[in-house]
Amino acid sequence: MPEVTLVEAINLALGRAMADDPDVVVLGEDVGVNGGVFRATVGLQERFGPERVLDTPLAELLISGLCVGMAAQGLKPVGEIQFMGFIYPCLDQLVNHASRMRNRTQGRLTCPMVLRTPHGAGIRAPEHHSESTEAMLAHIPGLRVVMPSSPERAYGLLLAAIRDPDPVVFLEPTRLYRAAKGEVDDNGEALPLDLAFILREGRDVTLISWGAMLKETMAAADALADEGIAAEVIDLATLKPYDENTVLGSVAKTGRCVIVHEAAHTGGFGAEIAALIAERGLSSLLAPVSRVTGYDTIIPMARLEQRYLPSVGRIVTAARKACQYN
Amino acid sequence: MASKRANEELPVIARFEVRRRNYLAPDGSIDRPLPAFATDARLLVELYRSMVLLRLFDRKAVALQRTGRLGTYAVSLGQEAVSVGIASAMREDDVLLPSYRDNGALLWRGVKPEEILLFWGGDERGNHFSGPRHDFPFCVPVGSQAPHAAGVAYALKLRKEPRVAVCLFGDGATSKGDVYEAMNFAGVHKLPLVFVATNNQWAISVPLRLQTGAETLAQKAIAAGFSGEQVDGSDVVAMRAAAEEAIAAARDGKGPHFIEAVTYRLGDHTTSDDASRYRSADAVQAHWKEEPIARLRSLLVGRKMWTKAEEEQLAAECHERIEAAVERYLKTPPRRAETMFDNLYAELPEAYAEQRRELAGEDDA
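Chains R and A are the protein sequences, given in the same order. Read in order, the letters of the first sequence are residues 646 to 971 in this note's numbering. Read in order, the letters of the second sequence are residues -16 to 348 in this note's numbering.
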């Protein structure tokens, strides 16, 4: 099997989905001739033509609204928003239309669309290019929010998102686009949505994360192993709706939980998981649940962004503290 | 002054014009030769009947709202010609994207009055209506359906289907980026899409002069690269003619068109509004001279296409139809509470199954 980067895996999945289903169209800024600013759509316009791989005007609200209209007509649009910092004009369309088309028409019209966008900091990008506001999206009923953390899961989950009959926001970890490499068999097989992946088994502490922070989280698990602490690492993968059973099952086993995300602390998605454990897993806890997250600041520009992002050290410290708690 | 003279020496690189269409004067007399379809007495009568039905339906809906049997409701009083005229020019397989004040179009396209009442009575099932299955439901966030219309039209063009999307919104919506972004895209791709702005002069309390500095709304199409025209929106013949031409051209691959239907909202914005707070009764009264139903009636009566007896019969028929619809609406059994989960996703995710059971259990206990 060939080894590919995460962004190449995205490209493979898009190509596969378009080849399998003539209703799949890709649209966004610079996705055509240029192949996308991260090259996620490279080669697609040559293969499938400018009508199905469409360079849109520079208008994010439009891209999301077009997807809603196309999807209601039976197409399966995959829109690209160039950076998550530019997704906010799409919120009206996501909240008021995409997420509720099925519900407000009682199933008469549906919205099988995917809105892809790079997520997160760490590539020394300009201002507004490093956002991680997934919790905002995961609060919207009727939507799915998915975030892969490896090439294999990027391929399988994107295929699943495109085939899903409901709207999916697909957040791609910018920092891993080229840094993450892995073997991907372009066999058209999707991975299941709504399920978490246990990346590493362990009995002492559960580390839960998603997207690019899995890299630091896995490194922290390695460091903890050196200290004799066996960490279980969960990639949540789908944030909305998320896999409560895997979270609760793991915490029941380890009794300790550290949640890691790069988004700001207050109201971040970690709070939701901590609340779930407090509500339904309290009796198995041996230590307080803790969160290692970005700070409650504006994500700083390039010079300070590494200081903002949770480090391996912070994760190790939190996990160690949980294990030493009594 | 010197710089102005210098400017005048520069070459003109583009000139644009906006035309205004009307056939019937407010008194029903004819301003210019009527379009071909107007020789079809049955069609003119059908347009008339539909406008009367809409007005009487609105009146009943307000009565239901005032007596606590319907939620907030938006009447079409004074602008019935717009939605009826536009819908009358559409084919069933064309796609309608209406705003919340386009009941006339929905009724013309086969949505049942009780379904409209069900929606405004607070039940999503009203949007699961008997009209064309591909039509969009009422759009409440102003203008946000315009990008959908562009997406629909793009899909139709991609599949080479000879169908047209028709998007209705109000004058207020033309101030939003949504509408401009959709128009811009429609212009780029010459989409089979007709935009209809019902310019009823008011966005709740905000008058048109505070909405735009542009002389017309129609000219906004020019910036997007296609044609726009102003139409007397209280003249149903003009509305039908403009829609017929625009839809035929769009179907024929000639691209989008923008119709500014100039009319007047004689009623409150909705049943929750009190327009006397921001405009005088006298100002409104003046516009009653222009309203579309009396105007078409004058033409029909003048041409011996319509009699007093037919008028009375129509009123009785409408009354009967509306009362029967109201009865069906009021008798619609309520949904079970847990059905609020049933069209959230194609299949309810496991994560929410417990919430649904809990809600169902409350009613079963």
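Since the hints were derived computationally from the structure, they do not count as laboratory data. All of these numbers come straight from a predicted model, not from anything done at the bench. The beta-carbon is built from N, C-alpha and C at its ideal position, and this holds for glycine as well. Hints are not guaranteed to be accurate.
Claimed, not checked - With the C-beta cut set under 7 angstroms, the calculated list includes, among others, these residues of chain R facing chain A:
#, residue
1, 703
2, 711
3, 718
4, 787
5, 843
6, 845
7, 863
8, 867
9, 886
10, 889
11, 947
Kindly indicate which numbered hints from before are broken by the structure, ordering the numbers from low to high.
1, 5, 6, 7, 8 and 11
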